[in-house]
Amino acid sequence: MPRSPKSPSRKPTPTLPDRQAGGRQSPAFEPPRFIAVEGPLRVGKSTLAQVLADRMHARRIFDCEDNPFLSDFYKEKPGAAFRAQMFFLMERQRRLRDAQSKRSSGPVVADYLLEKDKIFAYINLDNEELKLYERYYPILTADIPTPDLVIYLQASPEILLERIAKKRAPEEARISRQYIEEVTRAYEHFFFRYSSSDLLVVNTTDIDFVDRTEDLQQLLRRLQEPVKGTQYFLPLGPG
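In terms of the numbering used here, the sequence shown opens at residue 1 and continues consecutively.
What the hints contain is simulated information worked out from the structure, not anything from laboratory work. Treat the hints with caution; some may be incorrect.
[Claimed, not checked] Mimicking SDA-like on lysine to any residue, the simulated pairs with C-alpha atoms at most 20 angstroms apart in a straight line are: (1) K75 with E65; (2) K77 with L149; (3) K228 with L149; (4) K75 with E129; (5) K166 with Q178.
All chains, please: the whole structure from these sequences, using the hints.
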């Protein structure tokens, strides 16, 4: 079982200009200016983040995908997990800092939450590596803005494995079912305790934002209303 990363306390949200959002909204509702979309591998977070960025006319922050140490990590080479994890942490915090410095340009949608870095650190690093990681983490992440809203996409390990097989990415061919199950459990545990920002939980097992327009429209309509604390998105089935 992975260790349980602690969710940090709420940090001040960066000041970003208001946006004008179409559709109905609750009185005095201020739409979120900084949204992060999260979830395990192949759950659909990048696709949804791109759609939201397009609809909001927002800048999108991409998670790091070109990690030079990832191939060695999948091959289980000694030390590769720590190198890959530190590279991810450095890149993720750098991209958020760059966005913070350019925040006057409008709303922001990211396809990752910085704190999720801990999920993989607790799964993949040994005790000595984790001690070193935990010394660097607060230094590197100081003053990073917290999203106004996090959208957490869930899916079962079976669904994720189907999507991984469909994607046919060579570097993902080595990923085992056991690892996907461990990551899924770790995400569930992390977001069960998460309280740093408002959280909308979306189970994507029966939702397709790409091929079913109505699924996407229902979620977009839900985002025109406030999300307070942790709430769950339950789309209406076909009438």
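Here's how the hints hold up against the structure:
Distance restraint check for K75 and E65: the Cα-Cα separation of roughly 17 angstroms lies within the 20 angstroms cut-off, and the hinted pair is therefore satisfied. Only pairs whose Cα atoms come within 20 angstroms are accepted, and K77 paired with L149 is rejected, the gap being roughly 37 angstroms. For a cut-off of 20 angstroms, the pair hint linking K228 to L149 stands: about 9 angstroms separates their Cα positions. At most 20 angstroms may separate the alpha-carbon atoms for a hinted pair to count; K75 and E129 meet this at roughly 18 angstroms.
Restraint check for K166 and Q178: satisfied, since their Cα atoms lie roughly 18 angstroms apart, inside the 20 angstroms limit.
Of the numbered hints stated above, the single one contradicted by the structure is hint 2.
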